[in-house]
Structure formats: structure tokens, C-alpha cells
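*Asks:* Chain residues, written in single-letter form:
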Amino acid sequence: MSGFFSQAQQLQAPDVAYQAVLPMLLVLGAACVSVLFEAFLPRERRWGWQVALTVVTLAGAAISLIVYGNDAPKAGVKTFSDVLTIDRPTLFLWGTLLLLAFGAVLLIADRSVEPGGAFVAQAAIRPGTLQDRVQAAKVGMQTEVFPLTLFALGGMMVFCAANDLLTMFVALEVLSLPLYLMAGLARRRRLLSQEAAVKYFLLGAFASAFFLYGIALLYGYAGSVKLADIATAAAGTNRSDTLLFAGMGLLVVGLLFKASVGPFHTWTPDVYQGSPTPVTAFMAACTKVAAFGGILRVLMGAFASTNWEWRGVLWGVAIASMAIGAVLGLTQTDVKRMIAYSSVAHAGFLLVGSIALTSKGVSGTLFYLLAYGLTTVATFGIVSLVRDADGEASHLSQWAGLAKRSPIVAGVFTFLLLALAGIPLTSGFVGKFVVFSAALQSGMAPLVVVALVFSAVAAFFYLRVIVLMYFSEPAADGPTVTVPGAFTTMAITIGALATLVLGVFPSFALDWAGAGGFTF
Amino acid sequence: MLQAYVPLVLLFALAGAFALFSVAAAPYIGPRRYNKAKLDAYECGIEPSPQPIVGGGRMPVAYYLTAMLFILFDIEMVFLYPFAVSANALGMFGLVEIALFVATVGFAYAYVWRRGGLDWN
Amino acid sequence: MTPSYYLLLSAVLFSLGAVGVLVRRNAVVVFMCVELMLNAVNLSLVTFARINGSLDGQVMAFFVMVVAAAEVVVGLAIIMSIFRTRRSASVDDSNLLKY
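Protein chains in written order, with the working numbering: chain A, 19 to 538; chain B, 1105 to 1225; chain C, 33 to 131.
Quick caveat, the hints were computed from the structure, so don't treat them as lab data.
Predicted model only: the values in this text are computed from it and were never measured.
C-beta atoms are modelled at their ideal positions from N, C-alpha and C, and glycine is treated no differently.
Each hint should be verified, as a subset may be incorrect.
Stated by the list, open to error - Stretch by stretch, here's where chain C covers chain A in the computed footprint (C-beta under 8 angstroms, at least three residues):
(1) 136-146
(2) 193-202
(3) 237-245
Unchecked claim - Only part of the chain B face toward chain A is listed, based on derived beta-carbon distances under 8 angstroms:
(4) Y1132
(5) P1135
(6) R1137
(7) V1206
(8) T1208
(9) F1211
(10) A1212
(11) Y1215
(12) R1218
(13) G1220
Stated by the list, open to error - Short derived list, chain C residues pointing at chain A, Cβ under 10 angstroms:
(14) L39
(15) A59
(16) E67
(17) I83
(18) V91
(19) A109
(20) I114
My request is simple: use the sequences and hints to build the entire structure.
*Replies:* Right, dumping it as C-alpha cells:
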């Protein structure tokens, strides 16, 4: 007995830099506590406790992040036997995620715009039945959305920090599975919402299968799934390039899908339109941050040495994404779908920064993500305000003449759309400027020219909405603009103010974004 | 060297003998009562409850719920096998980790239990 | 026994799954095809573990199995909820979301 066991070598317990990973542990721990709240609290008290827990957790995680970030080693630390890297970009991405999630949680928790919140009272109710109509008027909501949000956020945080493809895969699923469910929880238009959930789920599962097969092939190529080992294997030759490039291709397709980069964007408009608007805000802002964090790390960490072979392909993908987003965005008649196509175009611009593969490119992309995320959260906050008897009035024709009904809402929305279009004095302009200048410096002038053309085309459909709001006569039975409660007001204010501040004084955020590079 | 396998061979022999004995002896010593259930493709002694003709003989949703919960909790336990074979090498750290893992699964279990996922009906 | 045959088999299974996702119309069958793809990956991982002489691939297969199970549960729940309304699991019927 003892003879057998003594043969086994005593394994060294891996070192865990608890202070560095504290924000992540807090979020995931709170998600577990939140599940227990759901289990043991009586129904009527759940909402209050869940909101309090979520907000306190986000604040606590942000404080621990700031405390750690102040004297974090510049080179970053690797922890959990090197599967996670907490370096400067990780810290910036975590901060961005926490801030954006805070805005999204405010929208999710709001119960003033839609009486009782934007979420279904009981998800098992069949759409279109009598019970469904009753629940639409009821005050309660399915508070499971809070633990789901926290789990998704935790997954995103792990995803940005993962230094190992297996960890990345598990994190990808941890962030995706809650989002699939959250997409199906809308209080009104239940069928649309469920349809969005089915589509998101089937396409998402398909994409993660590709991601996984990519991991398997890279494991076969390098004998390890650590990014650094793959980079070493790719630098020394005499192995099968087929495995390397097939693996990389499949892996990157999975990542591009999550980031909704065209031509892998097909789920985006449907899911953005069908999901409850606060969830759309959460996934539009946070998923993009996490996915591009992952793309940056994978491209820089594992494949930088072979960029001659693949960079051309990603040029094509970036151009396709910008073209699809800008051109199809023009033809949309629904506000949420239009913003979805705008996000596809933005994903193309972000990809331009990501394939620069320089420290300028990294810091530019990180800044762009922060700016874009904040603008997006505020934009969806505004979208949730314009309503008619049927719920949100998201058809563009219903937005005609909105400025006459509610000048403030129309004004803020105009400002946000200008930021999405990239007009100077908004954060969108600074973001595009830093990304494109990084791309120019790494010798991608033709791509930058194409990107500029498409950002001009995309600006047109934002202007179309602005013209519609200011220079059209409002319809007689048009929608009303709800006066938002404290939560939604706060989310929109944070987003809009940040868009302005980052547009006028961007240097402090640019300094944070450029404070240090990746460690692998 | 090969002697180590003698108990194993004995066990196989015993198992085979028991199987042969059961099959051979059943017709002689077992009672013979034929009924409808005996003629079913899968015989378990209970007649299957009639399926509704409308809706293609579907099962109540509770079956699927139970099956899904089973799959989930069953598969989670796959991590206990690698832990079990190297528990000694992993030492205290491994024990704490696996306790945390089981506790996390326990949270989900508590949720399912409190929300009536385990009630049949 | 050449391990590369297993890789070939895994590639064939993965492609079958991918084609199935693209051509089948029933959400549950589409979903089964995704599961086939994941299991094809498991076969690859285990084969590569054998070729590389390390156990990492087998451990990864464990993780994939667990993740796949979680995905099954979430997926079936979503498909079931829409099926109860539509009385059909065909993906062609999900056509409300388009322009």
C-alpha cells in the first residue's frame, strides 16, 4: 500500500498571486453567492439583495484592481502554474470590463423604464398565452439574470488573462453559456427573444467547436497549449506547417465569431435585436472587450513570428467586416439592428489595430475598446427609453421627429451617434485616430485608406438617424420617451460623459492603455 | 509473475459459471407465468404506460429535466477520478482544491433542490 | 497501428458534424452534430497525447466533456422553451428575426 503511494512524486502546489487575481476571484465568488441567494431568499426580497451584491462586488473588484495596479510589477505576473497572466493589458481590460459591466448592470437592474424590469417574470411561461400577458404587467422579474451576468463577467475576465488555450476555451464557455440564456429572457416579444437565444446558441456552439479543433491541432503541432510554447515551436521549423496554420485558422475563426467580426457576424443583428436591451448592452460592450483581448493576446503571444503568412488573410477579414457593417447598416430599419451592423464595422476597425502587432497597436486597440464600450452602453440605454404601448419602439420610422418630443434624449443620442461615427471631440475619433496611426506605423497604409473610406460610409447611416430625429415630422401615434429612473440615468450619464471626456482629454486613458505590453 | 493473475482468472471463471448456471437452471426451477409485459422488446416486468397518440407519444418535460440534471452532476464528477488516483501526490493543496470544486457543484445542487428541480410532478 | 489514421477519422467526423450543422433543419439534430464535432476533437486530443507522449491531451478531453455536458443542458433548455411555443424544432421556422 504505502509502497505504491510513495512512488508518486509529491507535486509542488502552484503559487497563486492572490492579490493579482483578487478582482477575478471576487466576481466568480460573488456569482456563487448570488446562486445561493436565488436558492434561499424569498422571491420578493431577491431583487434588492441581488442588486446590492452585484454592485458591491463590482465596486470591490474595482478597488482591489486599483490597489493592485498601483504597485503591480511592470512585467506582469504569471500565476496558477502560468495559465493566467496579469500584465498591464490584462489590468486595463479588467478595469474596462468592470466599468462596462457596472453600466450594463444598472440597465439590467432598472425597473422604472419597463415596470418590473426588462426581464421575464418566469422564463418557463409560453409566449402568447394568457399567463404571458399577465406576467408582462407584473412587477416581479427573473432575478437569475444577476448570477448569470456575474458568471459571464467572470468568464470574460479569465478569457482576457488566459495564457493557455485550454483555459481560454473554458473561459469562453463560461462567458458564452450565460449569455445564451440571458438573450432569451426578454419580458416582451418573448418569441423574438427565444429565437435570438436559439440562434445565438447554435451558432455559438458551432463556433466553439471550431475554436476547439484549432486547439487540438495546435496541441498536436506544439505538444502544449501554452501560448509561449506554441510561439517557440513556430519559431523553430521542421514541423508540419499544415497543423500550425490549420489550427490557427480554426482558432481565430472561433475568436472572430465571438468578436462579431464579419463575415462571421451572422448572429449579431438577430441576437442584438431579439435580446432584452440591457443584455444587448452588456454583450455588445463586454463581449467585444473580452474577445478582442483574447485576439490580441493570441496573435501577439503565439503567432507573431509567422505573421508574414497570415496577416494578408486578416487584412481581408478586416476589410470584409468594415464593408459588411457599413453597407448593410445603411439598409436597416430597426435601431438595434443598425447598431449591430455598426458594431460589425467597429469590429473591423478594431481588427486593423489588432493586426498591427506593435505596442502602439495594442494600446490603441485597448483604448478603442474602452471608448466604444462606454458609448455602446449609453446608446442602448437611450434605445430602451423610446417606447410605445407594445414595449420598445425600435423601428426607425418611430424615431422620426424625436427631437421635438424630447430634445434632451435626442441630443444625447445624437452625441453618441457622432461618437460612433468618429467625429472629433468624441472618444470615437480619438480611438480611430490611435488605431489607424498605429496601423500606418506598422506599414499597413492601404488598409488604413480602406478603413477611412468605410468609416465615412458608416458615418452616413448615423447621420441618417440624426436627420430623421431633427428634421422629420413626428408621427401622430408615435412613441413616448419614458423618464428614466436613477439607474438608467446613471448608466447613460456615465457613458455619455466618458465619451466626452475621453474625446477631449484622452491622454490619461491612453497612458493607462500604453503602460506596458503583454507578458507570455 | 503470472501468479498475480490467478485471482482474476478465478473471478472470471466464477462469473462465467454463475451466468451459465443461471441461464441453464432458469427454465427448470423458475415459475412460468406469461403476460403481455413478457412479450415486450425490453422486458422489465412492468407494462409501459400508454403513450398519447396526439403529439407523437412525447414524454412529460419532467423526464428531460431530470435527465439533464443527471448528466450535469454526473459529468462534473469526472474530475474526481484523476484526483483520486493522484490524491497522495497532490497532498493538502489538492484536497482543498477538490473540496472547493465539490462545494461549487454543491451551490448548484442547493439551487436545484430549493427551486423544486428534484420534485417529481 | 498508425496514430495518423485516428487523426484522419477525427477529421472526417468533424467534417460530418460541420456539414450536418449546415444542412440539417431540426435544432436538436443540428445540436447533435455540434456534439459530434466536439467528440471528434476529443479523439484528436487523445491521439495527439499519444503521439506527443504526454497526458495533457487526455486531461483536455476531460475538460471538453464537461463543457460539452454543460452546453447540452443549456442548449436543450433553450430549444425546449421555443419548442413548447412553436410545436416544432425546425430552424427554418425561426424566421421572425430578419429585415
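*Asks:* Hint by hint, note whether the structure agrees.
*Replies:* Checked hints:
no.	hint	in the structure
1	136-146	holds (count 5)
2	193-202	holds (count 4)
3	237-245	holds (count 5)
4	Y1132	violated (46 angstroms)
5	P1135	violated (48 angstroms)
6	R1137	violated (45 angstroms)
7	V1206	violated (13 angstroms)
8	T1208	holds (6 angstroms)
9	F1211	holds (5 angstroms)
10	A1212	holds (7 angstroms)
11	Y1215	holds (4 angstroms)
12	R1218	holds (4 angstroms)
13	G1220	violated (11 angstroms)
14	L39	holds (8 angstroms)
15	A59	holds (6 angstroms)
16	E67	holds (9 angstroms)
17	I83	holds (7 angstroms)
18	V91	holds (8 angstroms)
19	A109	holds (8 angstroms)
20	I114	holds (4 angstroms)
Of the hints listed earlier, those the structure fails to meet are numbers 4, 5, 6, 7 and 13, in rising order.
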